[in-house]
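Visitor: Read off the chains here:
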Amino acid sequence: MKLPLLDQLEEGPWPSFVKDLKEQAKRRPQVGQLLQQLEQSYENRWDYWRGTAINVPGYGGGIIARYSDLGEKFPQVAQFHTIRVIESPGFVYSTEALRQLCDISEDYGAGIMQLHGMTGDILMLGFDNEKMMQASEALMENGWDLGGSGNGMRTIPCCIGPARCEMACYDTLRLTKYLTDKYIGYLHRPEFPYKYKFKLSGCGNDCANSMSRSDMPVIGTWRDDIQVDQEAVARFVEEMEPEWVVRNVTSRCPTRCIHLHGDRIEIDNSNCVRCMHCINVMHLALAPGKDRGVTMLIGGKRTVRSGEMISSVLVPFQKLESDEDYLAFCAIVERIWDFWGEHGNEHERVGEFIDRVGLGTFLDGVGIEPDPQMVANPRSNPYIKFEEYAAPRLEGEPQKGANVLEHEPDRREDYEGS
Amino acid sequence: MDAKKPLAPRDNGAPDYKKYLHPAMERNYGRWKYHRDLRPGVFVHESESGESLYTVRAGSPRMLSAPLLRRVCDIADKYCQGRLRFTSRNNIEFQPEKEEDIQPLMDEISRVLGFPVGGSGHSFHNIIHTQGWLHCNLPGTDAAGIVKALLDMFYEEFTHENFPQRVKVSTSCCTINCGGQTDIAINLQHHHPPVIDHGMVSRCELPKVISICPVLAIRPDRVEGHDTVEVIEEKCMYCGACHAQCPALEIRDGQTDTLSIWVGGKSASTRGGPSFMKLATWGLPNNPPRWPEVGDAVRRILKAYQAGANPYERVGEWIERVGWKNFFAETGFEFTKYHIDSYRWARTTFNTSAHVRL
Amino acid sequence: MATEVERKTDIGPPHYDQFLHPLIKENYGKWQYHETLAPGVLMHHGPAGDIYTVRVSSPRLVSVNFLNAIMDLADKYSDGYFRFTSRNNVEFLLASKDNIEPLKQEVEALGLLVGGTNNAISNVVHTQGWVHCHSAATDASGLVKSVMDELAEYFTSMKLPAKLRVAVACCLNMCGAVHASDIAILGVHRTPPKIDNETLPNLCEIPTTVASCPNNAIRPTSIEGKATVKVDEEKCMYCGNCYTVCPAMPLADPLNDGVSIWVGGKICNARTEPMFTKLAIPYLPNNPPRWPEVTSAVKKIVEIYAANAKPYERVGEWINRIGWPQFFDMAGIEFTKYHLDDFRHAGTTYRRSLHNRY
Amino acid sequence: MAIPVEQLADEMYEIVKESAGVKKLKGGDLTKAMVAKHGDEVSRSDVKAAIRILIDSGRCVYGYFGGSSIELPHTEAAENQ
Amino acid sequence: MADDLKTPLLDELEQGPWPSFVKDIKSMAGKKEMAKDLLRQLEKSYEDKRGYWKHGGLVGVMGYGGGVIGRYSALPEEFPGVSHFHTMRINQTSGWFYTSEALREITKIWEEHGSGLLNVHGSTGDLVLLGTRTEELEPTFRALTEKGWDLGGSGSDLRTPSCCVGPARCENACFDTLAVNYNLTHQYQDELHRPMFNYKYKIKISGCPNDCTAAIARSDMGIIGIWKDDIQVDSKAMADYVDSGMDVQGLVVENCPTGCIQLDGKEIRIDNSNCVKCMHCINVLPKALSPGKERGAAITLGAKAPIVEGALFGSVIIPFMKIEEPFEEVHDLIERIWEFWDEHGTSRERIGEFIERVSLAAFLEGIGEKPLPQMIKAPRDNPYVFYEEYFAEEGEGE
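Protein chains in written order, with the working numbering: chain A, 1 to 418; chain B, 1001 to 1358; chain C, 2001 to 2358; chain D, 3001 to 3081; chain E, 4001 to 4398.
Watch out, some of these pointers could steer you wrong.
As a list, the in silico BS3-like pairs of lysine-lysine whose alpha-carbon atoms are at most 27 Å apart [to be verified]:
no.	chain 1	residue 1	chain 2	residue 2
1	B	K1019	B	K1033
2	A	K182	A	K73
3	C	K2235	D	K3048
4	E	K4108	C	K2008
5	E	K4287	C	K2159
6	C	K2076	C	K2008
7	B	K1337	E	K4287
To be clear, the hints were calculated from the coordinates, so they are not data collected in a lab.
The structure presented is a predicted model; accordingly, all values stated were derived computationally and were not measured.
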């Protein structure tokens, strides 16, 4: 096996996927052919994969099919599909579970995995049509499930949350499991205008990158005051010097609502925007408030078609503790899916849909009251379509004469009939 | 293995994470008080119960063979009660039981896996990346290879925390740009409209191909008696949306595709809100297997960032403060007309003030 | 039309040099600093001596009688030299400090106010309204008079946190400075144009009229064989552009026309970049001659601004600091869907961060 | 060879006459029409001079409904006699 | 007051501390039927809540296409005095300086030929003479030109340029705003009086970024003073401010948009490479700080009010240009802009909308300017770049 270009990637301190795959090629010959095809890509700067739809019966997603254009030359990778497996919330595993996945991956496929894919799934690479089915069966038998793809709800990734983070303002792992299980049908049987991604982060640090990469980010926040341990503040100020604290904590506050008075921190919580910076830097002394919940946002997406969008605020605060809270949360989600599902165009992400119909119309459609938290600022253009006055005109009077000046009332009747 | 019964949807849903939580995590779920960094890649979380949980973060290349993964499991069994966790940037997190285990664990990670420990705090974080030539059907460049080349170059920066703030990097192998908003992004850039294989177009649904184009540049056409499409070259902006819909519209071109570098993206609402990344430089050759030009460009950005940023400033926040004029001056990248936005909301990027650095 | 005098054209304005006070000519370009001695009284210090400015309100719409009175005072106290400001104030340019007080007394005897400097509400920039405009939804001079009667104390004092610029425009054309003022009062039409099918064919070119609509809401039609146009009410946003090109499509509707209030605009580059005004109150009744709803709304905004902003904070800067939710809360204004932008670049106004306040 | 300015004025007058009541022509429209007809033989300044002849002689007047135009003199609808 | 003039609603506006325009118009009502009928018609507007004016589209003075706004009453029989009520725009003097002698000439002419009512000044800057009849336009024009005054712009032409008080009475002026305003007005008399553009073109000139003429918001072309080198500091005056007990840290340092100022005892230190010339510190500490010595202007293009495509601020096209007699560099730039806009703009398209349509990059190429990072807030964030150059396959020629 000659791989002069790829061999160069075995050098260097960073772990080398080439080295790893070469080892694996000794056990699984298809991995050798995978490397040979990749070497050819490196030579020609050209890709040799074709994608198409292939599904497990009853499912509309979860399999990424790949056929090689060089199937004759490299028959072992002629079919080289990927299975998306729903990950464990928070990406936590036992070695026992992971070993099971390794076994299935090697028993049926190339024994290559990616932990994790962009959407959060576990990716298992290198199955042919037949083995793909068998592997799926083995996964499901052992309690694993396939992830989403296509125009459905996608697998939901979340941050580590309360499992190992003091900043988590709600149980991200629980919500991930709850939503995945509740809406598993929407995940497996795509019926939306386009994909719908949740990403869940426990606080504004947004470790799940939800703002720009999900249609519906759910981000932990709090309503009351930041918790301050003044003794810890004093220790921190003594250790770091007051000037350092002013330069790197208080003066970094986006709304300048935090002040250092001697060795005490004072916060004007009415102006705090939950940006997390002071808590991040002084996490020994500061912590999110106690009245915690989530902000639901909407509309983030990546570039394709209409350009980048970062999500915008939809529900500024929603409690997420009791079962009722969870149901209220889901009611909002379902109203969005109904409205977008009915009026969205094919291949139109929910953010693009909102841009097309207007946020005001969207709020009407999903039954949420406008709130100034939703905007960076109110409109600056004066072109407002006042409905209070348009409505009676449209419903009551005959439309054709409504905006015509009257000269002679009798003549107007003439063309009312035409 | 014979299928025992016909394959049917099971709707198993997500695995039960509770089974996989480290015992210390389970005991202290939602009761964490604070955390401390012990050294790059190693930190401890303190619980209200007084219990401590140590974490050792190791960089992985995302792509792992089953045997390698089993070796990962062996280590977790030995030190971490058989539990482990992954991060969204493809690091593996080991949770040793005792502080004394940290060093032997790190030694073993290095010896057995060859993985570095780091990628936390104010370091060069692991690069999230796409599939590239290894497994994607649309890419114009590789992903894993660029990542390997870059992280070799910035290995020191991964294992140390010497930047003013964390540096997150992503790569994307086509303009679909799967990589997300990061401090520095390396993306593929096409330079001309798609080339149409009229013989193959018939396999695609023409109305869908036409409607996918964001700038209405695709029109129905007839060639030699067959229904096909044509592309209006002046309107096309080489986004490749049609290529994903219909492979007969080939957007890729090994000769002309180049790489571009984008800076200043951020997802967190920390301090200033999230921001998009902006074009820094373009036209870098797609040069496997080591892409040295890309590495140089990233190095230039990081050098300027390291020298100019205040503590806690992300790349985008630093540029916001010193201004784009200084960014271009300090990196030496040329500012061209291609840096000026021409797409939706382009006007909102123009400088509508007399705030000018001269 | 035969006259002996040759008809002159294209002579341009007279040279400004002849209108400059001799002291100003000597100090031209050599000024060192200035001070505000009292509200409406400035001292500019130059090497050839100090010049004193007394700034006096005017209602902008004035008669020659008003000007004659001003000029008599100028002859008496400022050697016949004076100037106007872009906000329609009169400025007397005095060489002698001793003339300030007598001039102020005479000015006040005329019923005019001295002030409008520094942290004051300066004179209101406004349009013609019912006095002279064909497309007005409300009057301008009367609104200004009513509002400034309420706010006169802020003209004659300097007790605001920073300068405050008010502007009035009488329709959505937003003539004048309303789109970038601290507080703007804007006449609004809220119904589509009424089409005068009798005169339209004689007055207007149909294609020009159709093309004038930014939303493509106007379509050609014919009534009894006569070409005219019709308006798609759903699309019309009452901007009045069609009326500008076709007088047979008046928008005025006494029942529905009204007044809206906008806040937070800024032109000066000091500290923050220039900002557009944003919608505060979408509709208030059109209630001449005193517009009590408008004056009390404006006064309320001025008062909460005066009480809460920090020194040097303009209205827009203050709101940006405290956030729009708090502004609506403090001002007691209901936030409605009309506040959500749905025009060009609307998406850029959605709040795309976690920066919430509760 | 340059076209005499008077000739341009006459040609433009015909164009203004033809489009009366159909489309209001702007100075730029007339310039573009003359350039389309004569190519390099006319310059922008020639057209300007020709328009000035039309206006100063009273054969055409400036209108200003929705931006300025060059029209035949007529009584305007809004005028109160 | 005449008995036949009953204006109960307008009379309300004679009350209150602010000067009353109603009182002023009434003072003309005895002399002028026009003023009297103006009040009557206005009273009716106040009753009915609607205006009664018709827009004229044709009246003007011979040979000019701008400077007169035609206005007719919609109720000429009821209010014959304002049956015609045209406006004349008079080109104001640079910086709005007058002597009473010169202004008396105008008021005299206007009392003779018009209503005797004026706006000093209109939004564009002109001295606005309000209300006269068609037949009075030409005699008024002759009388005005006889005294050296000329009409301003209106319609699709160069609008009357206006400027701030500049070096005549301001220590912050970075160039001679009055001189360049006067020069441009005279240089482009033809463009001002004979509309040949796609739409209006407004020039406003401010001596520093305080922008007292609102150039950034209200002019198609803004010329705004700026400097290139360091802010000048008078350390003695600085120390005086600190000694006076002024909160320099809170009022000045913390308001700097880029945080480039630091107070060190009584000394102020400025990182001038990060200064964006916002003027705040100079405004607050006028005795201690002043603009640098290497002065000129930044040129912005494209501001407009919302009609039709939404409001735009001007954006920076030339970050720095020396503004010096005989202003040839300014002329050259203006003419390059006009030529490109003339050629490719569409009817009723302002320059800002034009730039947005063709893209800033194409516009810069069209007028022959190089892209600079000072022109933008940030480079593009979308990857849809229309690259013009790419590598061709070898052997296929260029």
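Visitor: Against the 27 Å threshold, does the CA-CA distance of K2076 (chain C) and K2008 (chain C) hold or violate the hint?
Guide: 34 Å, violated
Visitor: Does K4108 (chain E) pair with K2008 (chain C) here, judged by a C-alpha cut-off of 27 Å?
Guide: Satisfied, since the Cα-Cα distance of roughly 19 Å is no more than 27 Å.
Visitor: Is K2235 (chain C) within 27 Å of K3048 (chain D), Cα to Cα?
Guide: Measuring from Cα to Cα gives roughly 40 Å; hence the hint is violated.
Visitor: Starting from K1019 (chain B), check that the Cα of K1033 (chain B) is at most 27 Å away, please.
Guide: 23 Å, holds
Visitor: Run the distance test for K182 (chain A) versus K73 (chain A): straight-line Cα separation, threshold 27 Å.
Guide: 46 Å, violated
Visitor: Regarding the pair K4287 (chain E) and K2159 (chain C), is the alpha-carbon distance no greater than 27 Å?
Guide: 22 Å, holds
Visitor: Between K1337 (chain B) and K4287 (chain E), does the CA-CA distance stay at or below 27 Å?
Guide: 42 Å, violated
Taken one by one, the earlier hints fail for this structure at numbers 2, 3, 6 and 7, listed in ascending order.
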